[in-house]
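Undergrad: Top line first, the protein sequences correspond to chains Z and A. So in the numbering used here, spot 63 of the first sequence is number 63, and the numbers just go up one at a time. So in the numbering used here, spot 137 of the second sequence is number 137, and the numbers just go up one at a time.
No wet-lab data here; the hints were simulated from the structure. Please note that a few of the clues may not be correct.
[To be verified] Straight-line C-alpha distance at most 20 Å; calculated EDC-like pairs for lysine to aspartate or glutamate: (1) A:K610 - A:D625; (2) Z:K2 - A:E371; (3) Z:K118 - A:E423; (4) A:K740 - A:E697; (5) Z:K81 - A:E407; (6) A:K740 - A:D711; (7) A:K570 - A:D646; (8) Z:K102 - Z:E86; (9) Z:K102 - A:E407; (10) Z:K102 - Z:E52; (11) Z:K81 - Z:E37; (12) A:K595 - A:D749; (13) Z:K118 - A:D268; (14) A:K647 - A:D668; (15) A:K798 - A:D768; (16) A:K299 - A:D228; (17) Z:K55 - Z:E86; (18) A:K427 - Z:D25; (19) Z:K118 - A:E556.
All values reported here derive from a predicted model rather than from experimental measurement.
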Amino acid sequence: MKRSHIIGIVLIAAAIAIIISTAGDASSYVTFGEAYEMSKNGDSNSIHVVGELPKNENGEVLQIYPSADKLSFRFVMSDEKGKQQEVFYNEPMPSDFKRSEKVVVIGSYQGELFVADKILMKCPSKYQETTVNAKM
Amino acid sequence: MIHEFIGDLGHTFVIVAFISAIYAAFCFYKATVKKDLETATQWKLNGRMAFYIHAVAVFGIIFSLFFIIYNHYFEYHYAWSHSSRTLPTHYMISCFWEGQEGSFLLWMFWHAILGIIIIFTNKYWEAPMMTVFATVQAFLASMILGVVIPGLELKLGSSPFILLRDAISAPIFDSQPNFVPTDGTGLNPLLQNYWMVIHPPTLFLGFATTVIPFAYCIAGLWQKKYRDWIRPALPWALFSAAILGIGILMGAYWAYETLNFGGYWNWDPVENAVYVPWLILVAAIHTMIIYRNSSTALKSSVVLIITSFVLILYSTFLTRSGVLGNASVHSFTDLGLSGQLLIYLLFFTVGAVILTIKRWKDIPTSEKEAETYSREFWIFIGALSLCLMGFQVLIPTSIPVFNSIVEMFGGVGNLAPPANQIEYYSKFQLWFGVLIAILSGVGQYFWWKKIELKQLKNSLSGPLVLTLIISAIIILLANVAKPSYIALLVAGVFTIVANLKILIGLLKTSPKLSGGAITHIGIGLVLIGVLFSSGYSKVVSLNNTGMLISKQSSAEFNNENLLLFINEPKTMLHYTLKYKGERVESLDEGIYVDKNDIALTAIPHLVTAKREISDNGSLVYYKGDTIHIAPENTYYEIEYTTEDGDKFSLFPRAQVNEAMGGLLASPDIKRGLTSDLYTHVSSIRSPTEEVEWNNPEEFKVGINENFYVNDYVANVATIERLPSLKGVDLTDDDVAIQAKIIVQGEERDYTAEPVFLIKNGLVGRISDEIGDLGIKLTLLNVHPETNNFTIGATTRQKNWVVLKALEKPYINVLWLGTLVFVVGFVVAIRRRYSEFQKMKRKGLE
Numbered sequence: 001m002k003r004s005h006i007i008g009i010v011l012i013a014a015a016i017a018i019i020i021s022t023a024g025d026a027s028s029y030v031t032f033g034e035a036y037e038m039s040k041n042g043d044s045n046s047i048h049v050v051g052e053l054p055k056n057e058n059g060e061v062l063q064i065y066p067s068a069d070k071l072s073f074r075f076v077m078s079d080e081k082g083k084q085q086e087v088f089y090n091e092p093m094p095s096d097f098k099r100s101e102k103v104v105v106i107g108s109y110q111g112e113l114f115v116a117d118k119i120l121m122k123c124p125s126k127y128q129e130t131t132v133n134a135k136m
Numbered sequence: 001m002i003h004e005f006i007g008d009l010g011h012t013f014v015i016v017a018f019i020s021a022i023y024a025a026f027c028f029y030k031a032t033v034k035k036d037l038e039t040a041t042q043w044k045l046n047g048r049m050a051f052y053i054h055a056v057a058v059f060g061i062i063f064s065l066f067f068i069i070y071n072h073y074f075e076y077h078y079a080w081s082h083s084s085r086t087l088p089t090h091y092m093i094s095c096f097w098e099g100q101e102g103s104f105l106l107w108m109f110w111h112a113i114l115g116i117i118i119i120f121t122n123k124y125w126e127a128p129m130m131t132v133f134a135t136v137q138a139f140l141a142s143m144i145l146g147v148v149i150p151g152l153e154l155k156l157g158s159s160p161f162i163l164l165r166d167a168i169s170a171p172i173f174d175s176q177p178n179f180v181p182t183d184g185t186g187l188n189p190l191l192q193n194y195w196m197v198i199h200p201p202t203l204f205l206g207f208a209t210t211v212i213p214f215a216y217c218i219a220g221l222w223q224k225k226y227r228d229w230i231r232p233a234l235p236w237a238l239f240s241a242a243i244l245g246i247g248i249l250m251g252a253y254w255a256y257e258t259l260n261f262g263g264y265w266n267w268d269p270v271e272n273a274v275y276v277p278w279l280i281l282v283a284a285i286h287t288m289i290i291y292r293n294s295s296t297a298l299k300s301s302v303v304l305i306i307t308s309f310v311l312i313l314y315s316t317f318l319t320r321s322g323v324l325g326n327a328s329v330h331s332f333t334d335l336g337l338s339g340q341l342l343i344y345l346l347f348f349t350v351g352a353v354i355l356t357i358k359r360w361k362d363i364p365t366s367e368k369e370a371e372t373y374s375r376e377f378w379i380f381i382g383a384l385s386l387c388l389m390g391f392q393v394l395i396p397t398s399i400p401v402f403n404s405i406v407e408m409f410g411g412v413g414n415l416a417p418p419a420n421q422i423e424y425y426s427k428f429q430l431w432f433g434v435l436i437a438i439l440s441g442v443g444q445y446f447w448w449k450k451i452e453l454k455q456l457k458n459s460l461s462g463p464l465v466l467t468l469i470i471s472a473i474i475i476l477l478a479n480v481a482k483p484s485y486i487a488l489l490v491a492g493v494f495t496i497v498a499n500l501k502i503l504i505g506l507l508k509t510s511p512k513l514s515g516g517a518i519t520h521i522g523i524g525l526v527l528i529g530v531l532f533s534s535g536y537s538k539v540v541s542l543n544n545t546g547m548l549i550s551k552q553s554s555a556e557f558n559n560e561n562l563l564l565f566i567n568e569p570k571t572m573l574h575y576t577l578k579y580k581g582e583r584v585e586s587l588d589e590g591i592y593v594d595k596n597d598i599a600l601t602a603i604p605h606l607v608t609a610k611r612e613i614s615d616n617g618s619l620v621y622y623k624g625d626t627i628h629i630a631p632e633n634t635y636y637e638i639e640y641t642t643e644d645g646d647k648f649s650l651f652p653r654a655q656v657n658e659a660m661g662g663l664l665a666s667p668d669i670k671r672g673l674t675s676d677l678y679t680h681v682s683s684i685r686s687p688t689e690e691v692e693w694n695n696p697e698e699f700k701v702g703i704n705e706n707f708y709v710n711d712y713v714a715n716v717a718t719i720e721r722l723p724s725l726k727g728v729d730l731t732d733d734d735v736a737i738q739a740k741i742i743v744q745g746e747e748r749d750y751t752a753e754p755v756f757l758i759k760n761g762l763v764g765r766i767s768d769e770i771g772d773l774g775i776k777l778t779l780l781n782v783h784p785e786t787n788n789f790t791i792g793a794t795t796r797q798k799n800w801v802v803l804k805a806l807e808k809p810y811i812n813v814l815w816l817g818t819l820v821f822v823v824g825f826v827v828a829i830r831r832r833y834s835e836f837q838k839m840k841r842k843g844l845e
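Bound conformation, chain A alone:
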């Protein structure tokens, strides 16, 4: 049955959201331009009502879409392509942002909430700001409108409420228009990760909040309140930069934990597209702080705030329009929205630029230039450096756009992005990092307005000496030899030491002002953490055997990977490694279960226990219990033994993931205080592949008589006649005999239970396999006259895994720096918000 109502309801909500946003924008516009106070208030009330309706409609859209996903209405394309019946509820939320429509929805959701907050917290700024807000919302709503304008054949937006039969033409819909698939195609298993539940909402909150400083800026220019917008905009700009920063780092952390490229940052266009606006926003915060303290840099603040918002729109355009096509592996699918996205981008860019040009002459500037020995001058230089830092990333990322523009004019755009992105960007960004670190240390020692050079020298000499001592010790201990790394290290240490001194001073006198110092310490820690974890990331799984793993692979692959056969120890660094076998994860108990101990059922995600399974000595499953697993994931237990004899196990994962190109490896990380041990499988016996078995061997043995298979000792322990056999109807004339064969592995004994069956006079044999050892045993014949049996044994290669391990030194410094950084932002936001509150209470804003 097709549940048309809920889809129609959702679609109606979309249309209501779109129209109410336009109407709200119109009302707030009227409220802003009307001189007469009473009519202005009337328009404002209208606008508010329209925006509230809009917000309700947005919540309605989200409710409808979630209802469809939650109830598995697979007649809807969105549910069918992003969800499935086995998906746990908390990942159903992730379905929302797997698709492009849903991520627009998430963005609108935050705007709706932020808009309401703006209405409640602002008196003076409400009308002009909400004009901008509602316009942005109208554009976003148009992206999911999914309406064809009659006569023009123009499709506006892509609706998430489209039915499967309308989205995809399959032959089945010709014969059965009401056909509903029984299950969806599921959420990409890669995204079934807790970070993917919280990373997108955080990032989109960051995206959404960038519109607030922008709206204040536009309102300030529009209302000719050139100076006043800075104060209320500053806490929001700080909030936005903090959230966006956290969102970016969450993505980096997810990549570190889940993807196997060995790092947390790949300089992919999708990452760059958020990194650049973030840098510009941080630069804008600095110029705004300059303005608050010395009344200069107002024009720069206007330009930077507008630029940061335009760049957010530009990054939306880049990642969603399909223009990146050849350049990125993971941009969104092209929904044919490029035109609409371009109009969205150009509308705000052109509008803001025209407004700024019109008002440019009126924006007050200070007559006097800033002194060279003043804080404002050096912060300004810092802001400029941040802009250049962003610009350097923006240009190569935009290469596909330049190509498209060249091609639009009939030229041939054959410029491709740099082939080795990480190396390319790192060599530039490293020096920008050095510059930023030095400036954020030195800048703190200048006074506002002016400082005497002598005074500066006196206060800076202490931190400088300390920096050199600490750096020298680190350089010697960690053996840092590359000049560029030494530069980054010294700069990083300097900014930490210099800001620590400032922080200690501030904590005594005015701790409220310490946000800047704390944040800059965080930046210093992040830079040093990045330097060590990336610059000194070391492959430790070196192949010293002199034997090639695979002739077809490159020399690098053969040198940097270890081939481990099951239960055969090998040494690596100061560890002894042993591959213990394939595991699956029990989703209910959260433990790893040996694949040898489970039997598959007809339903892929349900298996049964072949024997009692215990974890750390306590019994978890009885024989025959059903275990809930994720069938696409296989974990490879690698036991590490340290030189002291301590043992720990890592469980790197391989995932069968058709959407991402077959097999996907994810690392497991042993976290240490000074370094992380990062392990992933780089080659495995494909779980979906048929294996080749050798020619069978035959053994004629009696009870408890040893024989050798694949170099393992085996014997028949017992033999019994089965009263019943699963899946076979046994009559009185039929015979089923089961042998219990014990095979002694290196670590444990394995049991195989092949069955010999005589049914209706025909002989059948059911083999049993010991996966770990690569043995398949068959009870070929029973000889009651001699009390012997014939056992057939075929073998394949023992289970193996090719492993790569990297050491990531001091990565914890990076994560620690992130935390410090966030704390600094929180302190700064509190300070700036209380300033805004004070002014509001005075009735000024």
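Excised from the complex, chain Z in its bound form:
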């Protein structure tokens, strides 16, 4: 066997190893139910949960509870299967949080509470301003 073949084989093996390890280390999108099961089974890896903020008939988000110093907040979010869960986030509330159509929380269960390390939002329009104030 020529040496270039050996290098080629090693290269391909390394590439495959990288792909497999990526798949192993990758987080996943799950529902709250699955995430809860995972944490009960001792799996404390951070996972992604996609969901929405439950809104009343006027389109207002109600279940948001900022802390007294406004530096963290809790909110209720329902996942894609409709399960509602209280989520804690140790950062001030992002400004367009209430306007977001879809929310992705990355974190894990700590007891009965889902603690998010990071929140990503999808807003109807990513433009910060969607309307113009009529100030002359």
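Once you have looked at the hints, place chain A on chain Z.
TA: Just chain A now, kept in the frame of chain Z:
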């Protein structure tokens, strides 16, 4: 009034730029394929003319857009959403690249300039290269075309010259179509930083230059000049890698200075998207150097150069198409260009791949395999390692793309990127770093073609011994204990020592060839700098009081932060810390001004001085002077006293930034030779929040009689009748009495001047607040009969700040390494360019 002309002019320039680029590509194509020399020359001249027109049009677009921003034509969406009246001129340039259209424009600008340079510096390569160049430009111009193709309802590109009323539907435009907002929404204050003025142009110059080696490569394959393209492409590839590297590091430096995640690199998809092509480009440079010296690795060079350019297009697609959506916090907004971007990516990928396959068999390869004990073999292994290093980052970064592809075929893509990106990438990249460092040290000791093993051992033993000694000393002194860190440290030291030996040898004989050795020393320094500043970054603001800062926060937050009340010293590490109060920055004088010394006006960015303000003993503002400030920024003065009694102050910042989620903290850094002290506020009294005041207390006192508010001694110094009062019309029957109350703070005396007013028989009271101490004083009543006054005092919690401080050891080694690295590239570029020049003078290229 709507200034339609300038927008129409800009839009016309865009269309001209688009059409002229297509025409230039066509002409240069004809010039390349025509066998007849005379017609070929004719086509070439046509192509040149078309490209010059194109360049003028690109400059025209930039001029029009800048004219709109500079003159505050807020009827245009671009100006309205990225600029405002108070924005200083130098940041108006930054407006260009805040929006996606403008950043395409910046990219085109560099291509236009580089294209002209190519036309002037190349004889033989001009036509085929410019075909590639002009095609790239046509694609980029199409991104900002903003034209709807009739009949197909297909929108091509997003124009920066779109009017606000067309971009946004607001009710006001139904009643007043010609409505123009008086002010724009402004540039994100986070980007109002000098690094953001130079980082994007540098990065985009790096992006733009990657097309040059690619174009040479394509031209070489196309013209069957398989060997000749390497020489002219090499200096450009080096230039491109150097600029791209500098651009990446500028971004890292900006993040270190401005963002508060505590570091300079976050492995965010946006960062990875530039890092990967850069690695591949560096790998390509190595295989090209192999080819120049030993005529092997030509095919690898072709593949790598093409890959690096395709990856640049891929990263453009990733960051701009919205595919990252759920994965990145700061990709561009989706302008609906994903289809166009995909076509751009696929056009060059498929085109280059087909051309390479067609020519593959003809590309000369050397019969003999490289010897194991030869330099070319080990450089090649190094290049492969760089590719794997890039591949490892590319795969997880592309997870959202895999999901989209799976979903396109009806599957469910539920793979998410690794949750802790920094930890995940670091554990792999560290070992690649070790490998690269060892190879770049060892590789220098092999000779081209072949070396005897004995000789190699002899020359390497010196550096090896020295490496082990130096590493051992560092490990002992700095207490490096983790095996992976020890490995990286030894490898880094080895590459520095080994390359230093080579460098010293070269400086005596041929300093022109020293570029490689210098660059590799830089890499070694960067690796060691990263190791210490990131691996041994240490939280020093440990909360040893045993008291929780906030019950609702995590244990980590409570342990790693310090709560400082105003003027109450606390110790941290070997410092005594004291929070001195809130400051604003005077933009004209560049000094910090105490918030207690200024009075707000109706215009947020203008305030007036309440008293004389001096800086370092010299008077800067008289009472009543107007001071220009950035109202969104508040600085928190933290005074550090060292054990020797030396004092210095840091001013970490909090910024009200709606676009980035409310409040944003930026660090202030005390730079030291061996370590940086990195301080940022992690919690503050929100400047936009209403505060709760306690129930008022009443004091009945005479002149100079002490009373106690919030544990501070206060007294009424004087009382006087005011002849006039700002904002109130006083008639002869009205009375305004002002008390001057002195409150003795820990550090200084504060003055409050509440006013008691009788106007038209009605009593009014104007309170005055001492922000630092959390006291609000009111003159409730005046009793002339007893010469007494009633003072009302309400209190709130004293001002406080929660602080986090980190020590970043040896971060200067990282920045030093960067500089050395750049110097190495400059030396290498000079050498390779002079080689190209020599050949050109001989009329060969």
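Undergrad: Could you tell me which of the numbered hints above are not met by this structure, giving the numbers in increasing order?
TA: none
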